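Participant: Use these hints to put chains C and V onto chain G, whose structure you have.
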Amino acid sequence: MERRNFLRNIFGGTIILWVGGIFYFLLSYLSYARKGKEVFPRVKIPSREISPSKPALIKVGEEHVWLIENEGEIFSAISAVCTHKRCILEWDRESKRFICPCHKGIFDKEGNPIFGPPSKPLKRFNVFKKGDEIIVSD
Amino acid sequence: MSPIKKIIKWLEERINLTEIFSFFSAFGLYYGEIDTKDSIEEALKKASIKELPPYGKWPHVLGILTFLLFVFQIITGMLLAFYYQPTLLSAYESTREIIRDISFGWLIFNIHRWGADLLIIILIFRIARFFYHQVWEKPRELFWIIGIAILIVSMGSFLTGKLLPFDQNSYWSTVRNLEIIEKIPLIASIFNFLVGGFLIEEGTIIRFYFLHIVVFPLLLWILFYLHFSTVRRVGLSALELKKEEKITFYPSHLFSLLTATFIIIFILVTLSVFFSFRLMGKADPLKTPSGTGPSWFMLFLIPVIEYIPWGLGGFLVLLLLILLFLFPFFGERIFRSKTLTKVLTFFFVFLYLILSFWGFRIK
Amino acid sequence: MSLLSIILSISLCGTCHPDTNSIFQKSIHNTEGVHCVSCHGGDPNTLDEGKAHSQNFRKIPRNLIPQHCGSCHSNPLLMKPYGISTDQLSLYLSSIHGKDFEKSPKKPVCTDCHGVHEIKKKDEPEGLTNPFNVVRTCGKCHGIILQEYLSSYHYEAWKERKNSPICVTCHDPHLPLKFKTADIDKLCGRCHSISRESFMDGPHGKFFYDKGVPSCGDCHGYHSIKRSRTLEISGTCGKCHSKDSKEFKTAEKLSTMLLQTKVEIERTEKILDDAEKIPIAVEDYRARIEEAKTFLMEALILTHSLSVEKNEETLEKARLISKEIEREIHEKMRNLKWRRFGLFVFWFYIFLTIFIIMRYKRWLIKRRSEK
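Protein chains in written order, with this note's numbering: chain G, 34 to 171; chain C, 362 to 724; chain V, 978 to 1348.
Hints may be right or wrong, so weigh each one.
To be verified - Okay, derived cross-link-like pairs now, BS3-like style, lysine-lysine, Cα gap no bigger than 30 Å in a straight line:
no., chain 1, residue 1, chain 2, residue 2
1, V, LYS1314, C, LYS643
2, G, LYS162, V, LYS1270
3, G, LYS77, G, LYS92
4, V, LYS1270, C, LYS643
5, V, LYS1163, V, LYS1136
6, V, LYS1084, V, LYS1097
7, C, LYS648, V, LYS1270
8, V, LYS1230, C, LYS367
9, V, LYS1343, C, LYS407
10, C, LYS366, C, LYS406
11, V, LYS1294, C, LYS643
12, V, LYS1230, G, LYS77
13, V, LYS1203, V, LYS1226
14, C, LYS523, V, LYS1076
15, V, LYS1348, C, LYS411
16, V, LYS1300, G, LYS162
17, C, LYS523, V, LYS1254
Claimed, not checked - Computed from the model, here is a short list of chain V residues facing chain G with C-beta under 8 Å:
no., residue
18, PHE1328
19, THR1330
20, ILE1333
21, ARG1336
22, TRP1340
Source of the hints: derived by calculation from the structure; they are not laboratory data. Since we're looking at a predicted model, the values are computed, not measured. All C-beta atoms, glycine included, are put in the ideal place defined by N, C-alpha and C.
Just chain G, same shape as in the assembly:
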């Protein structure tokens, strides 16, 4: 009886180890993520290209960002991805709000949701001016 359980347990254990090994192996194979080439993504734009009437939709690393000039040369960089279902937001110049074309969600110019399905605010990016360039970074 003891022999039977021992051998069967060893056999079972071996099979379980193999199955576990294959799981680990599959996991590490399938979860390869293309490492982002830029460790700290940042984007430089000449400031003459941004004006209150002409904001820019740029990409910082892999993320889409709206770069807007407010009155008085104050720039803000806010994520352009709606926190509801990831659609790209549009900027309404007159009312100074972000509007999502998918479900008509609205964010104010700081990125706070004020109407519609979205409940989480938009991510803000760091902006600083250097000479006549604007640098946006994560």
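Facilitator: Same frame as chain G, now just chains C and V:
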């Protein structure tokens, strides 16, 4: 009642488990016929005590090996498909990523590559031994025909897969392979239709890819199923066995299968580590590297096609192929004597090797 | 003159002067219908020496050559159809080559550079004014400068058919200025515009604007410009700044930074070469190291502004790329080494498994046959 038994009872009231078991076993797990009217417990019990000739022994082991290798190819192929991109622009880069950057990617790629080579070798071996043991005699004609079909479709799979990494070696050996196939009359037209011409361009890769991961594997699954089906009906050929040793399905056969699986894993992994395949740089249609030629099992066709004048070489090959397929229907009349077949087997194998070496020299 | 006599006139002069004639046949003057008589006078239709050398026949003396050539080449009505400019004589006469040339036998006249009877167009390979031959033509008199130029990087690049200056690129051939140092930066800046911009941005630029030093040539040389010579700072920066001055320390810092980055990039390239031998495919890494080299080149040019921060910013990018590549390649080479070891562990485990399976199977069969 143990929890497993409870689950099985619950399932059996709702679905015919024996039918599902017979479906799975149709692909080689079990070589007998299963009566789907039995309950699963009875079916399993009958299966476990069913007596079989010792398959683990030579020469039937070739069949099991083929199927196991095929399963390995399917599994590694699926894993590769997660990362491979079949476009002109990124085929090479995605393959390089698999081999160089992804953890264990090199292992999967090499297993797939070596598995393909081994599969073709074993299939050729099988045909030779079918001939040797006269396995085309009634009632095994279908067995033979399906065996030849499996070999041809596997070769097609190999050739279409060869192009996919799109490095210098793949590209140019595919060009040479296509050049040979172009000269065989009927096959060339079928190929032309399937692949869309004999030039390698953007559309070619996608078609090759589709053939390689959908069409040929599906065909092979069907052929394997038919192959097993005919064995289930006629039984395996009884050879002059040294010991009339019958074994039961459980535990002997099942565990032999398990052992065989591990041995195959061992061989494939060892080959992958010691004889890794190297990428030879991105395919450059303007620059042919020296030393490339067609795939090794196509080499024997080169002398036949080159040295028989007036394009008759291609016709000869086609004739040979048709004869191979229809062999059981006239073979019995010609090859009655057993010693003749045995001698002829060696002669054909020898001829194949000589032609291959000749092809290698003049490639 | 009739066509016949024109034809006859060539052949008749050439009867007594065959060597000169054969040279002259290949020249552009001959092609365009300017023959022996046009310059030398005389009668081309006779073989009699006395008659041939009559009729205001002349051998043109050296001091009259510029006027003589200028009689056609300064005439716009004659030169217009050919599109040749007509300012050469006036430029020449106000240049250092031409001023009071009668008095100094060393000064060149037209024929010294263009040839006498063998004058060819600029684009013909044997023409003395062909850009590929100009260097030797000027070098006939300016031997020392020729040697300096031949040892320079400008000449090396010129040989490789790159866009590089020769004598006449900087010095107009008919008015070859010895440039005032205050104008040199504009001259060099014609091609090296970003270097000039950085230079003018930095402290040297302001100093140069006021005082005229340091000019491009003060550090790089004028004709013997070599790559990276300026990195030997004691020879260049040390000429004006003493070794323990703040400026010299900045120079040291800058040159160390640049050399360090260069060494790092070379080291990464060597690692790529090693990796390629294994073999690991490295084409994409090579493209990235080219990016790093571009950043280094940018930094080298930015050095003219003498700002350590600006250089640091650019060099940091180059170094980041280099480090990243090295890290990734080392990781891959490490993984390769582990493969064999992993394989042996794997073997052990497989054999163990097979052994266990076989024992279990045997035991099951025994148990079954016992039942």
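Participant: Check whether the Cα positions of LYS77(G) and LYS92(G) lie no farther apart than 30 Å.
Facilitator: holds (11 Å)
Participant: Starting from LYS1314(V), check that the Cα of LYS643(C) is at most 30 Å away, please.
Facilitator: This hinted pair holds, its Cα atoms lying about 26 Å apart.
Participant: Is LYS1230(V) within 30 Å of LYS367(C), Cα to Cα?
Facilitator: violated (80 Å)
Participant: For the pair supplied as a hint, LYS1203(V) and LYS1226(V), is the alpha-carbon distance within the 30 Å limit?
Facilitator: Holds - the C-alpha atoms of LYS1226(V) and LYS1203(V) are around 23 Å apart, at most 30 Å.
Participant: Just to be careful, I want the Cα atoms of LYS523(C) and LYS1254(V) compared with a cutoff of 30 Å; is the pair within it?
Facilitator: At roughly 24 Å apart (the allowed maximum being 30 Å), LYS1254(V) and LYS523(C) satisfy the hint.
Participant: Does LYS1097(V) lie within 30 Å of LYS1084(V) when you go C-alpha to C-alpha?
Facilitator: OK: LYS1084(V) and LYS1097(V) at ~22 Å, within 30 Å.
Participant: Below or equal to 30 Å on CA atoms is what counts here, so check LYS366(C) against LYS406(C).
Facilitator: holds (15 Å)
Participant: Between LYS1163(V) and LYS1136(V), is the straight-line Cα distance small enough, at 30 Å or below?
Facilitator: Answer holds: LYS1163(V) to LYS1136(V) is near 25 Å, not above 30 Å.
Participant: Are the Cα atoms of LYS1230(V) and LYS77(G) separated by 30 Å or less?
Facilitator: holds (28 Å)
Participant: Given ILE1333(V) as an interface hint, is the shortest Cβ-Cβ distance to chain G below 8 Å?
Facilitator: Check passed: Cβ of ILE1333(V) comes within 5 Å of chain G, closer than 8 Å.
Participant: Given the hinted pair LYS648(C) and LYS1270(V), is their Cα-Cα distance within 30 Å?
Facilitator: Status holds; Cα separation ~29 Å.
Participant: For the pair we were handed, LYS1300(V) and LYS162(G), check the Cα-Cα distance against 30 Å.
Facilitator: holds (29 Å)
Consistency note: the structure conflicts with the earlier hints numbered 8, 14, 18.
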